[in-house]
Structure formats: C-alpha cells, structure tokens
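Start counting at 1 in the sequence shown, then tack on 195, and there's your number in this note's numbering.
These aren't lab readings, by the way, just hints derived from the structure by calculation.
Quick caveat, the model's predicted, so the values are computed rather than measured.
Any given hint might turn out to be false.
[What the hints assert, rightly or not] Restraint ranges, calculated between C-beta atoms of paired labels, are given here:
| hint | residue 1 | residue 2 | range |
| --- | --- | --- | --- |
| 1 | K245 | E480 | 35 to 41 Å |
| 2 | A661 | P544 | 31 to 37 Å |
| 3 | R539 | R283 | 27 to 33 Å |
| 4 | R514 | Q270 | 17 to 23 Å |
Backbone N, C-alpha and C define an ideal beta-carbon position, used for all residues, glycine too.
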Amino acid sequence: MAKPEIIRTLDRSSGGGLLVRAAEMAVLRSVIDPGQALRAGHKVLEAAEKAGDGEAASVALRAMALASRELGDLQAAEQRLRQAVQTRGAPAERMAQARLSLVTVRTERGHPLQALRLAALAWAYLSPLDRAKLDTQRAVALAHLGRYQEAVASCDRALRALVAAPGTIDDRRFLAGGLLNRGLVHAYRGDWDQAMRDISACLQIAGHARLSHLERLAAANLPFLAVRRGDIGGAFTHYREAEDTLFGYPERLATMRADFAGALLAAHLPGEARALLSLAVPDLEESGAQVALAEARLKLAQVELLTGDAREAMTVAERAMRELSEQDRQAWLPLAREVVLRSRLALEPPTPGLLAELAGCADDLERDAAHLAEGASLRLTAAETALALGDRAAASAQLSRLTEQPGRERWLPPGGRRTPLASPAQAGYAAAGQVPPLVRQHALALEAALREDVPAAFRAVEEGLAGMGGQIDSLDDPSLRAHAARAGGRLAAFGLRLAVRDGCAEEVFEWAERWRAVTAPAHARSPHGAGLPEVRAALGRAALVEYVTDDSSLFAVVVTGQRLALRPLGALRPVKEALIRLRYSLRRSALHDGAAGAEPVAAAGSELELLLLAPLAAELGERPLVVVPTGILHTLPWAALPCLRERPVTVAASARSWLAATRDPAPLRTCRPPGPLVMTRPTGPPRTTSPETAATPPAGLAGTPAPGTTPPTAPPEAGTTPPTALPEARTTPPAGIPGAGHSDGVVLSGAAHPVGSSVDSWAGPSGDSWPGSLKVIAAAGPGLAHAYEERDRVVACHPGARPVAARRDAVLAALASCDVVHLAAHGVFHARSPLLSSITLEDGPLMAYDLLGSSRTARLVVLSACDSGMARTPTDGAPLGLAGAFLAQGTACVVAGMVPVCDEDALAVMSRFHELLAAGHTPASALAYASARTGITAFTCFGAGDQPLIHREPDAGCPADIGRAPVPVHGEDDRERGRRPIVPTG
C-alpha cells in the first residue's frame, strides 16, 4: 500500500527544512484524518529531537495536539501544546501558533478567561493572517463568557482577512471554521436564520476543500438548528446522521447530543432532552470537556425540575454552579441559581429569606440582556411567594416592576444555547419595551385581585390565555403543544381559583374548558356552538363529570340535561394514594401473584369510588358517564370501580373535544339484530409465572415479551377453515396450549381472508370491496400465544373484516383507509417521553410519534396491549401517549389497556367486546358489558365512545337504546349481575 505524503516526506528528510514541512503537513492533516496526523506527528517529533530541530519539534507537537483534540482527548491536547510553547529553539512565531491552538483547548477545558489571556500573549508574534485565525478562536472563548457581540465582531474581522487569503488548505480550514463559529454565536443569540446561513456556507467550503472532518462537525449542528426552527422530524433525521458520522469521536458526539438536548428542552420536550443528556454527560466527563460539561449539567438540572424531580434538580444545579464559578463564567451563574431556588420552593415552605433570594436572583438575571425574560418569570414567582407569605406590600412592589410601561427599551430576545426555564411563550415580546405578555397579564391579574377587582382579574387572565393560544396554534406536535402550554399553567390555575372561590359551577366549567382548549388540536375545539347548552343537549340521558384541581384540592363539575353542580371532593392526596394501591393490585392480579386476588382490587376500587363518585350520587344515579379527568386521574382504569360495572364510561380530554367527536358523521353501517351467540372462554393455561417468580413480569403480559419466544416468520394463513369456525392462527398449535389458534365453541359468521393483502385490493364474498360501509382490519403482534387467535376472532365478528400483517407500513396504511383497526400486541408506555410509547409489531415498534404525520386515522382504534391507554399530562387537556396521539390525529374513539393484562384475558374480553360492537352497541357499552362478563377491567374507552359505529334496525327483541342493554349470551353463567348503584357518602 502506498505511504501517505507525510510519511514519504519523512523518508526523504535529511534536513531541518523538510522536517518542518512534514510537521506542517501533519498540522493540515489533523482535521482530515486525525489518527494519521497523530502517527505522522509522532514520527516527525522523534526525528526532530534527534536532529535538535526545535522548530520542527514545536510544529509536530502542535500537530499531535490538534489530532488529539479532534479525537476527544483534550487533556493530551493541552499537554502537547504546552510542550510546543516551551520547546527550546522554537521561533517566537511557532510558539505563538501553539498558543493560538491552545486558546480553543483551554476554553473547552473550562477556562475561557485564561484562553483570552493566551490569545493576548500570542497576538504580537503572529502574522496578519495568523491573527485572523486567532480571532476565530477568540470568538469561541468570548461566546462561552456570554460576550456575544464581541464574538461576532471577532469572527467578522477574521473572515474579512481570510476571504482575501491565498487559499491554501489551512486558509480554507480557518475560513470554514470561522463561519461555523460565527454561526454558533448567532445560534446562541437566537438568530436561527443567520446561523443556518453561516453553517451552510461552512458545509459548502468544507465539502469543496474535502475537509470531511470539519464537514462532519458542521453537520452535527443541524439537529440543534432544525429544532430551533421548528422542524422536529427533520431534527431527529439530522441527529441520526450526525450520530453515524461522529462515531469514534466521543467528545464531539457528546457535545452534539448536549446541544441537541438544549434545543429539545427549549422546544418543550424534556423527556427526549433527558435521554440525550444521560448519554452526553458521562462522555463529556471522561473527555474533560469542562465547558460543555457544565452547560450540560445546567440543562440536566432544568430537565429534572421540569419533569418534577426538584431534589435531583437542586443537586445537579448546585454542581453546575460550582463548575461555572470555577470557569469564571459569571453570566451563567444566575441561571443555575434560578434552578436551585425554584427547587427549594418546590421542596420547602416559603420563607422571607427565600423571597429575598428570589428577588435578588431576578435582579441578577435582568442585568444581562439575554436573560430578561427569565428574570421577569422569576420576579412573578417572587410576587406569588410574597402573597403566600401574606406580605402584600412586597408582592405589590414586585408586581409593579412587571406591570409598569417603561419609556425605554428593556427587553430583548433571550440567548439560544443557555436554555432558559422561561418558555418561548413567556419570551415572546409584543413590542420593544414590554415585559413578556404572559408574565405581564399574570401580574395584572394578581394586582387586580389585590384590589379585590375580580372582573379585572378575569379579564387579565382571559387576555393572557387568548394570546398564548394564538402562539400554540402554530404547533402541530401534541407534545410541543402540551409542554408549551405549561408556561400558562399558573395563569390558568389562578383564573380557575377565582372561579372556584365564587362557587359558580358554570363559571368553573367554562374556565376549565377554556384552559383545556388551549392545548387541544384544532379539530377538537368546536369553537362555535360548543358551550354548556350544546354539551347538555348532546349528553341525552348521560352525565358528564369534569374533575378540576385548585392547589391540593379536588372538585367535580357534574353536567346533566337537568342540572349543573359543583361538588368539592376533598384533598387530592388520598385520591393519589388510593389510585396507586388500585394500580398495584391490578398489576399483581394480572401477574397472577399468589398473594393477590380479587379482594385487594375490589377494596381499592371501592375506596376510589367513595372518594370520586359517592359525593356525586344524587346527580349521577345510574346514568352512563362521560368523564373528563385531571392529572393523575388519567391513569385510572375506571372499569375497576364497582359502581361502574356494566355502566358505559367514556373518558375525554375535555367536554368540547368529546362534543366535537360526537359531531362526526352518522353510524357507518346498518345491520339487522343478531341472533343468540354461543361463546366460551379460551382454553389453555395463562401465560404468567408461578408465585415463586412473580417478581418478574411473565411472558403472558402484553407489555412484556415472552422470554425465548420467536415470532412466526410470516402471519398464519387464513382461508382453509370451515365457514362455521374461526380461521386458524397457527399451522401448529404451541405446546401446552390445547387447541390454540382454533375456535372453541364460537359460532359466528365471517369469511376467511388472506393475511397481508392490500387494504384497498381485497374484495368480499360478493365481489364488492368491503361489504357494507364498515371497514375493519385486525393485526397480531409477535411474542403472544393468543394474539393470532384474538385477531381471527375479531375478523370473524365483522362481515367483510380481514387480517393484515403486523408491520408498520401495513398498519399505517390500514389506519389511513379503514374505519376500525384492532391491534393485539405488546405495549410499552414511556412516562418521561410519552410520544415514544409504542406497540410492538413484527418489524419493530409503532410509536406515537409515527402517527403525527397521518392525515387520516380510523374512526375506532382498539389497542389490545398493556398500558396502551396510559398518559402523561403536562397540563390539563393534553394527555400524551398512544391513545392521546390517535385522538389528536382525529380518531373518534380509542379502546386501550390501562394496566398490564394477561394474554388470554385480553383474548376473552376483546372477543366479547367485538361481538357486542358488531351487534350494534356503542364502544363504551360494548366494553362495559364485556368487562363485566369476563371480570377483566384493564381496558378503558376514550373519546366519543358513546357513539355507535353501526345502526341496528328496530326489532321487537332488540331494545331501541343500543347503548344500555347487553346482548344475550349463552354458554356461561347467566345469573343476573345487576349494576351496583353509587352509594352516597354520609
């Protein structure tokens, strides 16, 4: 193999001039192939030391240092540069060049002020062109100190000189590097368009000059910029590309991840940001990149605070403060101190001392033009703390500084890379010289309340929320909408508190709905004709219960066609504790824990019933329910409450979103009343562990793949079974499960259809595509013993229904073209990043994020999977998770699991559910009766579950109200299982 040019030069070297030339070639090679440059520099250094050539040795050490820096070894880079500066016999210009390179390394190791001193020492000994190159490095130190204007000026001065340079490879390297550095400074200042222009120019120059490593470094900033410009999908695409190109450069990769995390944090995606920071921080620690490490710790502290772990946030922020202080980065300290103070406020009662610290930190933030919005937000917190302490004078003093109209410009857009706790909604300025609008409206509302001017307080809150809603309307991603809305959560809570204090049920309902509408997608808002009268008219004989919180108290607004009532339910804490006990009991029951059974579940359910529904007994009676939860109630499996047995329950994000979903088109198909059904439970043992191993989730849970289970290489073919039996799910039943994959006493009509054929190409028995107008498909994921049988039973229930392969493309296509989609698979819920929640298909997970680009989804989606209905709610009205993602994209109704569910239990309840659904029941009533008859309470109905998909023709033996009476079922215990009424408290 041919030797590189550097090595050939060394082989020919017989004098000092050639050694210097070889060393200079190694310097140039350091940004193209760092590994080769390191080896070549080492050879030059050995030769130079033997020859006593100080100049060649100094340049060789610099080449080795630059290569080490690119490979992420900052400590070795600094050591070699210091050796280069101290090399005997090296000319002053060579030592100055070593100091030039040391400026960047010293900055990255956490000492930007010392780096500027090194630059001053080098300046006098450098040529005009090298001084321009030094300016590109000084800009990095200035930017990390928050001196952005000076940094841009330094880059501008350097670029003017470099553009006129001869154009050697080194000149082009510094020209591209100068553009990259200036682009990053623009990004710090929030000028995303200018940043993109500079980085794009850098990419062009680096690509033309074949500076592939520099090109990779520039491309690593594209994820950060894409998020800042609102392209979340493109950002993750750029991230995956950058992750591949930076493999082998751990420090560079870690820095890219930390920068991307900061952008995600500012874009209200703290869960995703935390995942990246957990990868970045250890690598930054190992590489010694102290500047990037301190910034990453600050971002991590902000993430911990925003996701609710105040204690961890305070610990991490205090460590970041120490590191920033050691680096002389005084401009960053107020940001870290803000996290510490907010954490203390969350962990301990307010005190006058803490109030003074909050006001002092707000003063410090306001001294920096880049942090004025954060200062205003913290000052508002100080005012609220003063009110909590009863210090009206201090509160008024803080509020006046937010509501005054100064005559001079005070507020500027915040910096970019220093991710603030204040959101862009708080930092969106209406005009120069104003406090951020949301903060100012909140301050005006508090001032009005201090004056006992309640109408003025309501006006201020309403104007603030209206302005915020306008900003959020531009966001399509439900997670972005939800987290962006958190900025207005305190203002909305204040308005709700005023309404609760007045005790007017209609006012509380309207304020709760107004706030929930802020985060709702456009199709779920029903802005016209969607007031309380319309909700009451749409309810019919049902009742709607909307839960709201005021501080630590829980209230319920009950809406029926006849009355409207506001009921206090007491403290929220007992409800949270009882809900935790219920979920724990249901989980143990699903695991078939030997110590668990029906009694703990019933006891926990009765406890919650007493807290949540018993005080509402007079209004509710035995009505079907539409429930609008708040906070932790989004995790409640409502079917587990005894009084809701056989009672249709629909869970909605808001009354208006429920109303909007009920205004969808009429039922899709008309059918004649069904005859009697004959069904039995599936045979075979449950796929769970023994009591001795119950601590480990068993193989039968839809959220836990079966150990050692290999999914079939292809979905089982259907089409050879007799017309009176269900299609086979497997060609060979699995051992230990007698008859698995076959119908067990089920007499249903339905045709068998091939798996995996095109959704639009299949024709029914009559030759018509999709007989009738109801298109139903079902898919079975891997690793479950009964999933294929469940799929086939679903298909057999609906005329014209068919199975499809459980692959992402096939499922997404079905969602876009069908009316009912049933997915039986493993489910995974990510509490920190709920849009990463998924169901497992044959070719990988189908995540909630994958649904965001869909222009149309099925009207009814059934997720027969563990925890698929779970949601995290950053703010009311925005449940985030799989079910929430479907509803946000336009699905009218979702039926999903709320807890782990055993494989055969899911088969039993879903078989019964689809029989009732096909008979004409609404999804809510079908699920209620299926759950009651099977005893499986793991599933919940979301959205417009009280609307029928199929209209049944009147029949003497068929009740007109299809949502209330169960279809007769034979072959099981037909004893009367009457619904338990709600027992009022007291």
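Each hint tested on the structure:
Evaluation of the 35 to 41 Å hint for K245 and E480 yields a pass: the beta carbon distance comes to about 39 Å. Checking the proposed 31 to 37 Å range against A661 and P544 shows it holds: the Cβ atoms sit about 34 Å from each other. In this structure the supplied range 27 to 33 Å is violated for R539 paired with R283, their Cβ-Cβ distance being about 56 Å. About 21 Å separates the C-beta atoms of R514 and Q270, a value consistent with the hinted range of 17 to 23 Å.
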